[in-house]
Amino acid sequence: MATEEPHVKVEKLVKVYGDRTVLHGVDVTIDRADTLVFIGGSGAGKSTLVRHLIALERPTSGRIVVDGVDIASLNDVELNKARRRFGMVFQKYALFDSMTNFDNVAFPLREQTKLSERDIRERAMAKLKDLGVEHAAKLTPAQISGGMAKRVGIARALVMEPELLIYDEPTSGLDPVTSRTVDDLIEEMREKFGVTSVVITHDMVSAFDIADQIAMLIRGRVVAQGTPAEVLAVDNEDVQKFIRASGVEASRLATRRPRKDSRALAAVARARAPRGG
Amino acid sequence: MPDEPPPRPAWARALDPARAFVEEVGTLGDLALKTFVWALRPPYRFNVMVAQLEFVGVQSVFLVGLVGLFTGMVFAVQTIYGFRRFGAENMVGGVVSLTLSREMAPVLTAIMVAARAGSGMAAELGNMRASEQIDALETMAVNPVQYLVVPRVFAGLVMVPVLSLLFFLVGLGGAWIVGVYGLSLDPGIFADRIRTMLEPGDLTQGLVKSLVFGFSVALIACRHGFYASGGAVGVGQATTRAVVWSVVGVFVLDYAITSILTPVG
Ligand SMILES: Nc1ncnc2c1ncn2[C@@H]1O[C@H](COP(=O)(O)OP(=O)(O)OP(=O)(O)O)[C@@H](O)[C@H]1O
Ligand SMILES: [Mg+2]
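As you go down the protein sequences, you meet chains A and B in turn.
Take the first sequence: its position 172, counted from the start at 1, is 172 in our numbering, and no numbers get skipped.
Take the second sequence: its position 140, counted from the start at 1, is 140 in our numbering, and no numbers get skipped.
Accuracy of the hints is not assured; some may be wrong.
Some but not every residue of chain B turned toward chain A, in silico, with C-beta under 7 Å [said to hold, decoys possible]:
#: 1; residue: Glu132
#: 2; residue: Asp135
#: 3; residue: Ala136
#: 4; residue: Val142
Everything labelled a hint here was simulated from the structure, so no lab data went into it.
What you are looking at is a predicted structure, and each value in this text was computed from that prediction instead of being measured.
Glycine is no exception: its CB is placed at the ideal position from the N, C-alpha and C atoms.
The shape of chain B in the complex, shown without the other chains (with noise of 0.2 Å):
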């Protein structure tokens, strides 16, 4: 082999991911000031807006439902088995809300739109990138960070709450369902526990972490398509990492934003 590089020591290597980690929060940040920017800044396309939000909210709500209804399901079955153990079945209603305005709800609607749309954004934009169509969007003078990147961002931080509504909605109706029709709970003890332990600060810790998400969740599958790089082999890396990263993402900021908005201890 002529002329192969020196072998780097070891401990440089050891850092790599360090510093690879580094680079990225600087990519993720940069692009995402680069969206505030732009998302300000006129020509406002309102039907390239109303495509993404019908690609993100419109064509996901089957899928979240489908998860709402069977999450709310399984959760009061074991909740009431669980609870059962000491008498407490009755609070069936309430622990349910409560899981799934604050955690059930956001994060997994969030994964949901990362494996559906996320993944979707990567492979457009990665392709896009790969065969010119972003730099022929700057050559028409369209920034492709506010004719692409804008609305996608936009989508997510709009459909994400929504989304997540639906999937607390549907899935306490799933709770019910088995709750009432098949472990014979007594439904106005179902619905006052609900009233009773759901405070406002539940729901409003659902909605910060669903704008959250549905945020990051986008900025990060625009990234990865955006800067995709390496043709066909580059657009299916880029997928990938989209979808592993935008989740990663999700589960990080769920405990960041978690521990700042209760108060324990």
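With the rest of the complex left out, here is chain A (with noise of 0.2 Å):
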């Protein structure tokens, strides 16, 4: 078997727009199946920077390279096919408002498999269950709660089992209780597939509870990236101030439930899904 490379590399990653740069050359490796947060503080670039990872931007310089691929390479088609591989649950939903509930989750297995209808049914109804909207399902997104809307969003980017899922503050507008489901779903998504995540999240217990690594990034520039104990004791006031500005207790940081190795995962995930190259 071929040397671990990493799923994503990024490489000195610049956006500007117009006259303004928001990421100032970032450099971020993310291993198959590990789970990596970022925290940061508003407008620091985190939704612009994942945007990038599945070529919703195009970056004004610098590499991303997935699987081995650099995206911005690749043509209409190639971009199209690769982009069965990721999923995305957006900060604001992005739910299709001409369609219910249900529709929305089902759509990308309509898209993207031949599965009978039945089937879609059945899968799609269970991802809304596991995220406690199933009562939800014959509504349309304007006739429900952002925070219900969110969770629909989840499962629509989770009902595909995509190789690399990224969430964008999925737990913003949720209630506690929630808040840990949704973690928990994002761990079993990885337990169970081998999915690599990005989690962008301001919620600091379920960062450092889900994280592999954590990388803060603050005004387009990554300032920290390590495991949750290596960011905690990072020597930078940047982020220990955000640390301590969330309130919560760096001891209750440090203990974390236990978690099964991302190598061994890799693996599920490599079996999964068998592509050449």
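Since each chain sits alone in its own frame, please combine them into the complex, following the hints.
Laid out in structure tokens, this is it:
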């Protein structure tokens, strides 16, 4: 077997909008079946950064290498194919408001698989149920609350069981109990399918609970990256200030749930999606 | 005020509209090309297509019919009034059918579709852009041009000719009613003048125009919605621009097609 190469590698990523530089040369690597959590202030560029990972934005300069392929080099059709392996939970849900919530969750299954309508129904309803919003299946996104819409958005991203899942603030706007359920689901996707997860969150408990790696982004720069323990101990004023301001005891952040090893899970992921090269 | 950018020289600002125009044509051309390419690639989503045909076509039938009827009636009155001065009011059937088929039906139908369906397309796509629904499509490996723009442009291309034909027939009917029942023209002569004056070329010109108009109205509407930016304000502007520019486009293209297809002089 080939030596372990990172699932995602971001190299010297710079993004400029007009005359504003939003990302100043970001370097990040994410191993397969790992969970990387981005923390950092509002407007730091977290959403912009993760949008690059699935080519919703083109870098001004720098490279984004996913599975060994520079995604900026892909043409329309290749990119479309590559995106079958990605999923994203959007910060503002991005549900299709012309469809019911059920149809939203069924949408990727209908578009990307040849499953029968019965199987699609079963799978989509199961996901809605996991997130506790099965009763909203027949309503449209405009008829449900923000927290419910967030959960439908998560269901839609999870239903395809992609290899790389990006969550942009999956727990913002959710009550604490539901937030923990979402953490469990992120963890479950990893354990069951070896999914690589990138999570943006302002919720420190969640960040330290689910992360293999934490990266802190401040004003377009990664100022710290490491395991939760390393980040807790890092000698950086901004990082320490951020952790203190969250109001959560460092000792609480240091205690984590037991986790399966990413290397073993990475094998699961590879077995699930055999691919040349 | 800190660091205001220096004012640009007047000649540079005077050239801005020209540059904007060239850029706009580029954007439209690029979207048109993508639309062609993605129209040919599978999958073909028939239900999405049917929904747009219904939105552009079926829901416009009443409006187009109504406007067609009154346009034909007004035209009959005006032509009779003018032609009576030299005793040629019998020509009215021919003149009305010529005007309707070559100009009125395609142009007015396209404008109606721009106002009704074009504005709706721009607003819907603009909202989808603003709320990241278009990004969501992309992440689910669905090409948004293929899913959103292709069916709308196709619906414009198919439905504007169909609606134009409707406009033409209803308009002729309106002229007939006014001419024969209101102003007691001879129905036989009215029909005969249509037969002798209306040539296949007139209908062809109407068809070519309505195809081009339908395509361009839908394309311009999609372009403004699809690339909208700036939240609710941006969506409002996109809708306005979609209607204004597609109507302007209709008149410009109308002259272009007319001058190519009409041998005069
Ligand atoms: N399309 C764009 N055009 C111009 N500026 C943009 C654009 N998208 C993002 N920005 C700017 O980039 C900066 C980073 O935005 P981004 O949404 O990535 O922040 P964030 O870290 O996700 O913040 P939050 O935690 O509030 O979601 C912001 O200052 C924003 O104004
Ligand atoms: Mg954000």
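Hint check results:
The restraint placing glutamate 132/B at the interface with chain A holds, with a minimum CB-CB distance near 4 Å, inside the 7 Å limit. Interface restraint check: aspartate 135/B against chain A, minimum CB-CB distance 5 Å, threshold 7 Å, status holds. Hint on alanine 136/B holds. Least Cβ distance to chain A is approximately 4 Å, under the 7 Å limit. At its closest, the beta carbon of valine 142/B sits 5 Å from a beta carbon of chain A; the interface hint therefore holds under the 7 Å criterion.
No hint from the list above goes unmet by this structure.
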